[in-house]
Amino acid sequence: MPAFTMGRRGSEPGRAARSGAGAGIRTSMALTQTEIFEKVRGVVVEALAVDEEEVTPQASLFKDLGAESIDVLDIGFKLEQEFGIKVPQDELNPAAGMQDARYIKDGKFTPEGLEQLRAKLSDFDLSEFERDPRVSRLMDLFTVGFLVKYVEGKLAAK
Amino acid sequence: MRWMWIDRVVELTPRERIVAIKNVSLAEEHLHDHFAAAGDQPALPVMPASLILEGMAQTAGILVGHAEGFREKVVLAKIGRAELERDAGPGMTLRYTATIERMDPVGASTKGTVELLDHADAAAGFVRIGSVDLMFSHLDNNMGGAGRSGEAFPSHNFVFGESFRTLLRTSGVVVP
Chain A
243 MPAFTMGRRG
253 SEPGRAARSG
263 AGAGIRTSMA
273 LTQTEIFEKV
283 RGVVVEALAV
293 DEEEVTPQAS
303 LFKDLGAESI
313 DVLDIGFKLE
323 QEFGIKVPQD
333 ELNPAAGMQD
343 ARYIKDGKFT
353 PEGLEQLRAK
363 LSDFDLSEFE
373 RDPRVSRLMD
383 LFTVGFLVKY
393 VEGKLAAK
Chain B
95 MRWMWIDRVV
105 ELTPRERIVA
115 IKNVSLAEEH
125 LHDHFAAAGD
135 QPALPVMPAS
145 LILEGMAQTA
155 GILVGHAEGF
165 REKVVLAKIG
175 RAELERDAGP
185 GMTLRYTATI
195 ERMDPVGAST
205 KGTVELLDHA
215 DAAAGFVRIG
225 SVDLMFSHLD
235 NNMGGAGRSG
245 EAFPSHNFVF
255 GESFRTLLRT
265 SGVVVP
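Top line first, the protein sequences correspond to chains A and B.
According to the working numbering, the first sequence is numbered sequentially starting from 243.
According to the working numbering, the second sequence is numbered sequentially starting from 95.
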């Protein structure tokens with residue numbers, strides 16, 4: 243028993259897969275969405291020290307899983323290692339590339355902005371968000387499912 | 095305030111790896127309270143684990159700061175994982191080794207091992223007693239600076255102050 247322990251111990255999800263991720267071993271074999279989800283879940287479990295069961299596609303990283311801003315950097319680094327992709331920090335945000343008055347005005351998404359969001363987050367039900375589309379509430383949409391979709395897009399572009 | 099929890103940098107490969115040592119001493123006031131005698135329990139002076147983490151944070155922080163010529167305000171943002179299996183007592187030497195795992199404009203992550211040399215058992219050499227993985231944030235690229243949340247931080251680098259500069263100089267580390 244260690245005299246002092248912080249963070250998670252025991253299994254390290256994805257650690258074994260990691261060494262191969264950058265080496266391009268899987269280039270000929272695309273990952274299924276389930277496989278991507280499982281790896282993303284491993285990253286989130288490790289970065290946020292949460293239980294695997296809590297990490298559902300719908301779970302919001304900030305609201306449900308207790309992430310703080312630095313965790314986004316951590317998750318970005320871990321996704322890069324896990325999948326051998328490049329993750330610019332400003333992309334890890336559902337509103338990435340939307341800092342424009344056409345899309346966001348007075349701290350709220352415009353109808354045009356909401357349309358963009360719907361296109362980006364097509365797997366998600368935004369009806370609740372649309373009733374009160376404040377940008378500050380957007381982080382509620384920063385879900386595990388968003389990460390999975392983001393990684394899918396990155397892998398497809400590789 | 096002299097908040098230095100390493101004594102010397104003994105190895106530095108820029109952007110890759112750093113090794114630093116810390117001699118634990120009974121001259122450090124807090125050892126007498128950590129732990130003081132209580133009831134029939136005799137005093138047990140050991141270096142608090144939190145300060146061992148601080149030592150690793152300073153070691154790894156220098157490695158991260160060195161990479162950008164100490165222009166960035168490098169602050170500890172997250173302890174990803176920390177395990178220490180043995181106590182470090184007075185007269186022993188801690189050795190911190192940190193490597194950069196990832197680094198980008200907003201921050202860095204490091205992996206580190208903590209080793210202990212008990213001079214009474216010098217033949218055993220440095221024995222690994224734990225590991226500490228950390229994340230650092232480049233403050234101006236996250237909280238402050240143009241285009242971010244606009245927090246106002248002093249322009250001078252208060253992270254790498256005079257004590258750090260002295261440590262680097264006495265360790266023979268060339269500040270880029």
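Hints are supplied without guarantee of correctness; some may be wrong.
What the hints assert, rightly or not - Here are the simulated DSS-like cross-link-like pairs (lysine-lysine), alpha carbons at most 30 Å apart as the crow flies:
1) B/K205 to A/K396
2) A/K400 to B/K205
3) A/K400 to A/K347
4) A/K305 to A/K328
5) A/K305 to A/K396
6) B/K205 to A/K362
7) A/K400 to A/K350
8) B/K205 to A/K347
9) A/K350 to A/K362
10) B/K172 to A/K328
11) B/K205 to B/K172
12) A/K396 to A/K328
13) B/K205 to A/K305
14) A/K305 to A/K347
15) A/K362 to A/K328
16) B/K205 to A/K350
17) A/K350 to A/K305
18) A/K362 to A/K400
Claimed, not checked - Chain B residues, not near chain A, derived (Cβ > 10 Å throughout):
19) R196
20) D198
21) S265
Everything labelled a hint here was simulated from the structure, so no lab data went into it.
By construction, the Cβ of each residue, glycine as well, lies at the ideal position given by its N, Cα and C atoms.
Each hint tested on the structure:
1. B/K205 to A/K396: Holds: B/K205 and A/K396 sit about 27 Å apart, inside 30 Å.
2. A/K400 to B/K205: Cα-Cα ~28 Å, so holds.
3. A/K400 to A/K347: violated, 34 Å
4. A/K305 to A/K328: Holds - the C-alpha atoms of A/K328 and A/K305 are around 26 Å apart, at most 30 Å.
5. A/K305 to A/K396: holds, 25 Å
6. B/K205 to A/K362: violated, 35 Å
7. A/K400 to A/K350: Not OK: A/K400 and A/K350 at ~34 Å, beyond 30 Å, violated.
8. B/K205 to A/K347: Roughly 42 Å separates the two Cα atoms, so the pair is violated.
9. A/K350 to A/K362: At roughly 17 Å apart (the allowed maximum being 30 Å), A/K362 and A/K350 satisfy the hint.
10. B/K172 to A/K328: Distance ~22 Å between B/K172 and A/K328 Cα, so the pair holds.
11. B/K205 to B/K172: With a Cα-Cα distance of about 12 Å, the restraint between B/K205 and B/K172 holds, given a limit of 30 Å.
12. A/K396 to A/K328: holds, 8 Å
13. B/K205 to A/K305: Since the Cα atoms of B/K205 and A/K305 sit roughly 29 Å apart, the hinted pair holds (cutoff 30 Å).
14. A/K305 to A/K347: Measuring from Cα to Cα gives roughly 24 Å; hence the hint holds.
15. A/K362 to A/K328: Answer holds: A/K362 to A/K328 is near 19 Å, not above 30 Å.
16. B/K205 to A/K350: violated, 41 Å
17. A/K350 to A/K305: holds, 19 Å
18. A/K362 to A/K400: holds, 19 Å
19. R196: Its Cβ does come within 10 Å of chain A, the nearest being 4 Å, so this is violated.
20. D198: Answer for B/D198: violated, closest chain A Cβ roughly 7 Å.
21. S265: holds, 27 Å
The structure is inconsistent with the numbered hints 3, 6, 7, 8, 16, 19 and 20, although it conforms to all the rest.
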